[in-house]
Structure formats: structure tokens, C-alpha cells
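Chains as they are written, first to last, in the numbering used here: chain R, 1 to 270; chain X, 1 to 44.
Hints may contain errors.
As the list claims (entries may be wrong) - What the simulated footprint calls covered on chain X by chain R, stretch by stretch (three residues with Cβ under 8 Å from a Cβ of chain R suffice, anywhere in the stretch; the number is not a length): (1) 5-17; (2) 33-40.
Claimed, not checked - Simulated DEER-style distance windows between Cβ atoms: (3) X:V5 x R:E231: 42 to 52 Å; (4) R:E57 x X:V5: 30 to 40 Å; (5) X:V5 x R:E84: 36 to 46 Å.
Please keep in mind that the hints were generated in silico from the structure rather than gathered at the bench. Just so it is clear, CB atoms sit at the ideal spot from N, CA and C, and this is done for glycine as well.
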Amino acid sequence: MSQSADARGLNVNRVDAKTISLDSNWGSTETQDKFGNIVLQRCISYFRGLHTTAFLESKGLEVINSMDVSLTCGNKLLTTLKLEKANVPTPRTLFSFTAEGAIGSLQTIGYPAVLKPVTGSWGRMVVKLNDKETAQAMIEMRSKIEGPLNQLFYIQEMVDRPPRDIRTIVAGDKIIASIYRHAAPGEWRTNVSVGGKGDICKVTNELEDVVLRAADTVGGGLLGVDAMESENGILIHEINNTVEFKSAASVCGVDIADEIISYILDENRR
Amino acid sequence: MPDDVVVGEIITCPDCGSDFEVFKLHKNEAEIKPAETVGEDWGE
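Work out the full structure: start from the sequences and follow the hints.
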């Protein structure tokens, strides 16, 4: 993206959130002088990005993506609730707050099921629970991990789907690129970080409709919308706030970085 | 070290596999430091 911006002669200021010090006394002009008039949030740390976005928005800067969008997309429970409310197809999910509650959720949803952390990415700590014995062990293990977020049990139905999912990169109301992510042999997760391989995906009318509705439901912006092909049609299972696109860029033949820069410029003109 | 390396880029040592972050560039030389370890909230 830096190269695309440079090629267009844009003045880009890359700020490392690891080293900055944000001052509550700054005014909007002072903040804009330091950060520019529009900010693309690319922090790899969700919480670091969320809080820097909150600061910048409070000082009147536009941030892509907004605080509300970041908050929603970074929390799978909040994302599911918004999708359900908007009637965007999404897997059935149960939420519990103790190990005991989680076991109860599993009795309701049955096996196999999927246990996911409400925050997190790259397939980390996403586990398939094939039976009660496995589930009890995993729930007990999860409940012993420090931190309040680990006491949120997000338990989802296991969707019968091909060994792939669909990652669609959306900017505003436009689909930039869409790829299949094929799970690696012996792996059921499709994340590229655990060996998933990208392949170009033709965007059908159904996929376009569901993906764009999903993006709009969470507030829009630059998003990575993840979908599955179920027996009942496309389901949206996750929406990513700081979408990565190395795999998509290598297979889809679209200059994704340049499309993103175009989107930012369009937003800046509004 | 790639020719087009930029500040903030993560590079991996081809010998030991350790990750390093480029934190300063001057002329043709880069200063590096050990990269942050992957955090629980890292990702998309």
C-alpha cells in the first residue's frame, strides 16, 4: 500500500503505534498535523488499533475503519448479534460465560461443534469439538486460561461445507476481490496462517448480496468478509477489521493495494 | 535484506528463523531489533 500511495504522489505518514504517545490535551488541529486528514488503521494488535482509533476519532479525524466497526468486527459475539439482527445468514451460535454454561450450550447445539475465542485471528484457539469427552477437556482447559475474554465461550454449529471458505475483500459498497481458501490436508480450518491456500472465486449474485449486506450491517469500511457454502446457501461466519490480502493478491489478478488507496481517496473527498 | 525494505518491516533470519523489525534505515544500512512476539490479539 505504501508503494501504491507513493506511485500516486500521495503524502503518507506511517505512524508506529508501538512508539507513539497520545496526549489527551491535543486539539484536533494538532492531532491532524501529526496524523494527516484521514487515517488507515493497520495495527496488527486489535486492542492497540482499537484504542488509537478511539483517540483519533475523538480528535475529529476520520479513521478507516471506525471505532464502532472495529469494536464490532474484533468481537465475534458482537458481530454475530448484528448479523442476526439484520437477517444476514450466519451460523447458529450459543454464548456462555462459565465452563458449566458452555457444556450446557454444547448439549443444546450438539456435536460436532466449534469453539472459538470471541477475539483473535488466524485460526488461533479455534477448535472443533467432536464429542462430549473432547468438549469437556477443551472447555476445562479454556476456563483455566487467565483473562476475562477466555471466559466467554462462543460455541458455533459445525456447518457442513466443502473444505474451503470464501474470503471477500470489501471497500465501502464495492467488492475488490474474492478468493476461496482451501484447507490444508488434515486441517479443517481454512486460515492462510494454518496452511490454507487461495484460489480465485467467482462472485455470484448470492455471494455479492450476502457479503455486501454483511459489510453494511457492521458499519462498512475496508473489510475481509468470510463466508461458507452451506446446504442452505451462503453463511457469513466472520468479518475482519484489518484485512490482510497477501494470498488474495497472489491469485486474483487485482491490484488490491491500489484499490484500497482509491477507496481511501474517495472517502477523503466526501 | 530486501532492497525495498522499509522501516517497520519484519524480516526473518534465514539461518535461525528469528524475526526482526527494521527500526531505522540510513543510506544502505538498516538497524534491526528483535520483533515483538505474536500477541493474543494479533491478526485481522
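Structure-based check of each hint:
no., hint, verdict
1, 5-17, "holds (count 3)"
2, 33-40, "holds (count 3)"
3, X:V5 x R:E231: 42 to 52 Å, "holds, 48 Å"
4, R:E57 x X:V5: 30 to 40 Å, "holds, 32 Å"
5, X:V5 x R:E84: 36 to 46 Å, "holds, 45 Å"
The structure fails none of the hints (numbered hints given earlier).
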